[in-house]
Amino acid sequence: MTDLKTQINSQSSNKKVSPPVKKPGSFLGSMNLAVTLLVMLSIASVIGTVLKQGQAPQDYIVQFGPFWADVFNVLGLFNVYGAMWFVLVLIFLLISTSVCVYRNAPTFIKDMKQFSEKLSHTALKHQPNHISFVTQMPLEKQQNYASALLQHNGYKTKTYRREDGSVTVAGLKGSWNRLGYLFTHISIIIICLGALLDSNLLLKYRELTGNLQAETRAVSLDEIDQKSWLSADNLSFRGSINIPEGGDADILFLPYEEGFLVQQLPFKIVNKNFRVEYYDTGMPKSFESDLILIAPELDKPIEATIAVNHPLYYKNYAIYQSSFGDGGTELQLKIHALKSPRTTPLKLETTINRVEPLKTPDGKFNIELNDFKMHNIVPATEEQMAQTGKKMHNNGPTIIFKVRNEQGKAWEYENYIVPSMQEGRLFYMTGVRTLNSEPFRYMFIPADEKRSKERFFQFLALLNNPVESVEIFSRLYPKGENTTDESYQLQQNLLKQLLILFRAKGYEGIKHFIESSIPSEDQEKVTQYYFQQVSFALQTLYLEVLKREGVISGHDNDISDFNKRWFEDALRAISSLSQYGPPMYFEVENFTQIQSTGLQITKSPGKNIVYFGSAMLIIGVFFLFYVRQRRVWVHIKPNDKKANNYETTVAAKDNKNLPETKKEFDTFANKILMFNQQTFDKPATLD
Amino acid sequence: MQQETYLDEFKNADKNAFTLRDATWIAFVLFGTLYAWIQYGSLMDGYEIGILIGTSLTVIWLGRFWKSMQGFTVLVSLVTMLALWTYHAHGNLITANEEAFFLRFLISSQSAIMWMNALFVLATFTYFLALYNKSSFTYKTARSMVWAASVFGTVGMMVRWRESYLINPEYGHIPVSTLYEVFILFVVMTAIMYLYYEQRYKTRALGGFVMLIISAAVGFILWYTFGKDAHVIQPLVPALKSYWMKIHVPANFVGYGAFSIAAMIGIAYLVTEKTLKKNPNSAFANRMPSLEVMDDVMYKTISLGFAFFTIATVLGAMWAAEAWGGYWSWDPKETWALIVWLNYAAWLHIRMSKGWRGTPMAWWAFIGLLITTFAFLGVNMFLSGLHSYGEL
Ligand code: HEM
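If you read the sequences in order, they're chains Z and C. Reading the first sequence from the start, the letters are residues 1 to 687 in our numbering. Reading the second sequence from the start, the letters are residues 1 to 392 in our numbering.
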């Protein structure tokens with residue numbers, strides 16, 4: 001057996017096949033063009049992911065400077081996937097593949113069926129693998145053996161007898177490999193066509209011919225230009241719409257170029273209810289909408305619940321859960337005037353997404369109610385984690401709104417509706433900022449014993465009322481016997497001035513006043529005295545508030561630790577009021593949440609075509625890689641000079657010339673040689 | 001006399017003899033499937049029963065195609081059952097992973113994964129030692145380590161699956177949804193695929209090279225575990241609750257794993273070729289498989305990877321169609337998957353049609369891995385998009 005192996009000396013060679021003659025279209029269908037296009041497509045895709053697409057032009061100018069922003073824009077790099085050259089690459093890919101298929105398909109199909117059994121002896125000797133030897137085994141036996149051997153190994157065989165008495169047994173296996181080539185390439189064409197059907201090519205055409213134009217203004221529906229409307233028979237689209245709970249819609253907005261288009265739908269969608277469910281970690285578990293679909297052709301409306309990953313399919317439309325937001329939550333607000341001595345707040349009934357004008361002694365303002373959030377999940381502090389054992393903490397609902405003055409300057413607020421625990425005490429948080437890019441700066445309004453803000457606003461109102469404050473001082477601390485009228489008056493005045501100063505600018509304000517109006521050698525003494533006086537005044541007023549509340553019966557009562565802490569917290573809040581913007585605090589007294597669901601609706605006639613193409617591609621790829629087209633020939637030629645003497649040639653070819661090919665060939669050749677040797681001691685080897 | 005008998009060799013030889021071992025194997029898998037169905041069938045819907053049957057058939061096929069998978073599957077099943085049983089014996093409380101000895105030190109998902117990590121790193125050194133001392137025994141040891149690591153890794157994933165339900169039934173999910181989980185999937189898939197190629201093409205000298213990338217991934221897993229607490233089981237965000245994910249992700253990782261093997265063989269090829277150029281009788285090159293074999297295995301792994309990556313990308317598109325409302329949105333992750341696909345399509349075209357072999361293809365396979373790595377990791381780190389999971 002081992003000697004045999006050396007004897008076989010099979011001559012596998014990797015001879016280069018001579019290049020085919022150039023045919024028309026050979027450039028379009030060439031491998032070089034195909035690989036170039038594939039590489040171009042890759043590079044374009046890289047650009048598309050690295051450069052943020054479809055941003056506002058200013059953003060690009062800031063990022064790249066005006067020159068490069070302009071160059072990139074002309075090259076279409078800010079909208080690569082819609083750029084003309086990108087579309088051209090895709091079209092050439094389509095053409096190149098089509099030409100390749102067109103050129104190769106007939107040959108390949110023929111190749112799949114034919115056994116090449118008529119190949120001449122010389123041609124066989126030019127196959128990548130071949131061997132010849134002389135044998136005396138009868139022809140018929142050889143022929144039968146070769147057929148059986150090949151068939152046993154899964155080959156189909158065909159036998160051909162020539163006039164000179166020679167016989168060829170030709171075997172063919174794995175012709176589906178060729179099918180693989182056809183499948184993969186045809187599938188690429190099918191996928192591209194399907195995708196084209198779903199692209200906005202038709203819209204581009206309508207835009208070029210002038211009867212379509214994107215709407216770029218933010219205007220109400222009835223003001224939108226007729227040229228920006230698309231009728232319900234539009235071939236394909238993908239757009240989105242927000243529908244508040246209880247509301248309905250029969251249109252979609254399609255983002256297009258720098259604006260949008262309005263797509264008319266052939267049905268109406270009602271949003272009955274939208275829900276978010278949460279895990280105990282505070283992460284959202286599900287987003288669901290209960291929808292009703294009403295269409296003229298339906299006897300009964302369709303009711304369905306959709307969720308992320310569970311869309312509703314109706315005819316060739318699909319309705320997806322894609323986002324959510326506020327759909328106009330109803331709010332009952334109390335507006336506390338922070339500089340007023342009165343404690344009755346202004347009441348306002350409104351909804352999110354509205355703008356409310358407000359006239360105040362400090363000027364006219366517009367209140368823009370932007371958002372309501374039911375949950376504000378933040379990483380838990382260590383304190384909270386110890387309490388609840390959870391990593392996340394819910395700070396409860398908030399409203400987000402802007403207060404804009406007549407000059408257009410706006411302060412944005414985020415007000416929490418329920419108090420949250422900080423170092424064991426409850427506070428109502430309210431955040432403010434003037435720039436979108438800044439984080440909110442928070443003020444903490446301490447909750448009183450009833451968990452309300454009532455006491456805080458009572459105390460604040462009293463501080464805002466110097467006249468009443470002075471009355472309280474004089475009632476509690478009447479003029480002593482050894483004080484002159486004048487100095488008593490001065491004392492009262494000082495308290496009043498200090499209170500006004502504190503209320504306007506906090507402790508910092510008093511300090512600043514001393515530094516700017518008292519000679520430096522007296523500053524220290526005066527500071528001490530003033531601070532003593534102002535804290536005396538503040539304490540007195542605080543005790544008065546407690547007494548009015550009925551917590552204490554007289555100013556000499558002891559007060560609880562809680563109330564002491566509250567006082568410090570309140571003063572901290574009040575002294576930061578000067579940074580809080582326009583002097584108003586918006587308290588949410590009551591709310592009814594109304595959410596909106598964000599739906600994406602598509603009509604995608606190309607989808608099933610693309611899926612069909614994809615299935616074909618996968619099948620094709622497997623045929624291509626896991627089926628090898630192999631041919632084996634056994635040629636038996638009688639020697640015209642000697643009877644019972646034959647020259648037998650075994651040859652093989654594999655369209656993929658892998659190491660396996662040679663091994664397989666060697667096995668076949670060995671077997672045939674062994675078979676022929678059975679009756680003869682010395683086979684003579686040719687070649 | 002010979003007239004009648006000379007074709008007997010073909011008549012008697014049954015093409016694919018069906019042995020007792022095959023029957024036992026099929027019975028084992030069917031029994032396991034039935035058991036899973038009895039245990040959890042009431043919780044499954046139509047899709048999941050479909051997936052169960054599909055998995056069962058795939059495992060049967062895999063075991064018949066590659067016998068070593070049979071022992072592997074049996075071992076993984078038994079050890080997993082032992083872990084689940086231990087949890088059961090401790091009242092199905094997740095805290096059992098601290099109390100029960102077996103779980104704590106061996107087969108709770110966290111411990112099993114740590115064993116896997118350690119064994120993979122050890123195997124890397126052992127493979128290189130074997131390359132150095134040419135000892136068959138050392139090679140066998142290295143190979144056993146990789147098998148053991150793969151068993152631990154697979155058990156770790158199976159147990160983690162169960163643990164996610166023990167923590168809170170609402171959290172329960174198959175562990176293929178976070179970056180941490182898919183990294184484990186990646187190392188196990190890559191290792192098992194490599195073992196197949198090693199056995200089939202006698203390429204054990206390549207073991208060290210392939211294990212290098214696995215060790216790199218293990219390094220990442222360790223950093224991710226200790227630096228970022230990424231191993232903690234979290235519930236799934238709504239976008240990831242999809243049947244598509246369960247097949248999309250594993251298909252993707254067959255692709256990634258195969259491409260990684262190809263790239264590492266590419267490196268081995270380049271190193272060997274360089275040594276041969278300097279010294280045709282180099283002892284190192286003598287120990288390596290021949291250049292032709294490396295070239296061939298590189299081609300085979302890339303074909304396999306390409307086929308599965310194609311499936312994965314198509315599944316991803318179908319998932320996107322269901323979750324985002326469009327099968328293709330030019331989202332960065334999608335786009336990079338396309339880039340990876342196009343790259344290997346070009347590689348295969350050049351090889352199949354132009355007949356390029358050897359050095360340029362080895363370089364290209366290596367560059368392909370860089371592109372793949374960016375698609376796998378870089379996109380999540382540097383580009384924002386709809387693919388929300390697995391931020392670093
Ligand atoms: C992505 C789009 C594709 C394009 C633009 C493309 C283009 C081409 C072109 C132009 C040729 C040359 C035909 C010739 O020489 O006459 C070719 C050949 C080939 N392509 Fe593709 N192809 C694509 C995808 C694929 C895919 C996905 C596969 C499967 C892996 C594939 C496998 C092949 C094979 C095996 C050949 C050689 C056929 C032969 O001559 O034996 N192609 N392709």
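Everything labelled a hint here was simulated from the structure, so no lab data went into it. Just so you know, these numbers come straight off a predicted model, no measurement behind them. Built from N, CA and C at the ideal position, the CB exists for glycine as well. A few of these clues could be false.
[Stated by the list, open to error] Here are the simulated lysine-lysine pairs, DSS-like style, with alpha carbons at most 30 Å apart:
#1 K285(Z) to K241(C)
#2 K354(C) to K373(Z)
#3 K315(Z) to K246(C)
#4 K671(Z) to K354(C)
#5 K156(Z) to K496(Z)
#6 K67(C) to K390(Z)
#7 K110(Z) to K653(Z)
#8 K246(C) to K656(Z)
#9 K409(Z) to K391(Z)
#10 K202(C) to K391(Z)
#11 K662(Z) to K246(C)
[What the hints assert, rightly or not] Every beta carbon over 10 Å from chain C, so not counted as near; a handful from chain Z, in silico:
#12 Q53
#13 Y81
#14 Y145
#15 T157
#16 L193
#17 A195
#18 Y279
#19 A307
#20 E414
#21 E647
Each hint, compared with the structure:
For the hint pairing K285(Z) with K241(C), the CA-to-CA distance comes to about 9 Å; that is within 30 Å, so the pair holds. Between the alpha carbons of K354(C) and K373(Z) the distance comes to roughly 61 Å, so the proposed pair goes past 30 Å and is violated. Straight-line distance between C-alpha atoms of K315(Z) and K246(C) comes to about 28 Å, which keeps the hinted pair within the 30 Å bound. Restraint check for K671(Z) and K354(C): not satisfied, since their Cα atoms lie roughly 34 Å apart, outside the 30 Å limit.
Taking the CA atoms of K156(Z) and K496(Z), the gap is about 112 Å. The hint is violated against a cut of 30 Å. Restraint check for K67(C) and K390(Z): not satisfied, since their Cα atoms lie roughly 48 Å apart, outside the 30 Å limit. Pair hint K110(Z) plus K653(Z) holds up; C-alpha atoms about 17 Å apart against a cutoff of 30 Å. Taken as a hint, the K246(C) and K656(Z) pair is broken in the structure, with Cα atoms around 35 Å apart against an allowance of 30 Å.
The hinted pair formed by K409(Z) and K391(Z) fails the criterion: a straight-line CA distance of about 38 Å is larger than 30 Å. Between K202(C) and K391(Z), the direct Cα distance comes to roughly 51 Å. Violation of the 30 Å bound is thereby established for this hinted pair. In summary, the hint linking K662(Z) to K246(C) is not supported, as the alpha carbons are separated by about 41 Å, beyond the 30 Å threshold. For Q53(Z), the non-interface assignment is contradicted: its Cβ lies about 8 Å from the closest Cβ of chain C, within the 10 Å cut-off.
In this structure Y81(Z) is not separated from chain C by more than 10 Å, as the shortest Cβ-Cβ distance comes to only about 5 Å. Not every beta carbon of chain C lies more than 10 Å from that of Y145(Z), the smallest distance being close to 7 Å; the non-interface claim is violated. A cut-off of 10 Å between C-beta atoms confirms that T157(Z) is not in contact with chain C; the least separation is 13 Å. Residue placement check: L193(Z) keeps its beta carbon more than 10 Å from all beta carbons of chain C (closest about 14 Å).
At the 10 Å boundary, the C-beta of A195(Z) falls inside the reach of chain C, the nearest C-beta of that chain being 7 Å off. Here Y279(Z) does not stay apart from chain C, with its beta-carbon only about 5 Å from theirs, under the 10 Å limit. Not every Cβ of chain C is farther than 10 Å from the Cβ of A307(Z); the closest lies at roughly 7 Å, contradicting the non-interface assignment. With a minimum CB-CB distance of about 24 Å to chain C, E414(Z) clears the 10 Å threshold, and the non-interface call stands.
Residue placement check: E647(Z) keeps its beta carbon more than 10 Å from all beta carbons of chain C (closest about 21 Å).
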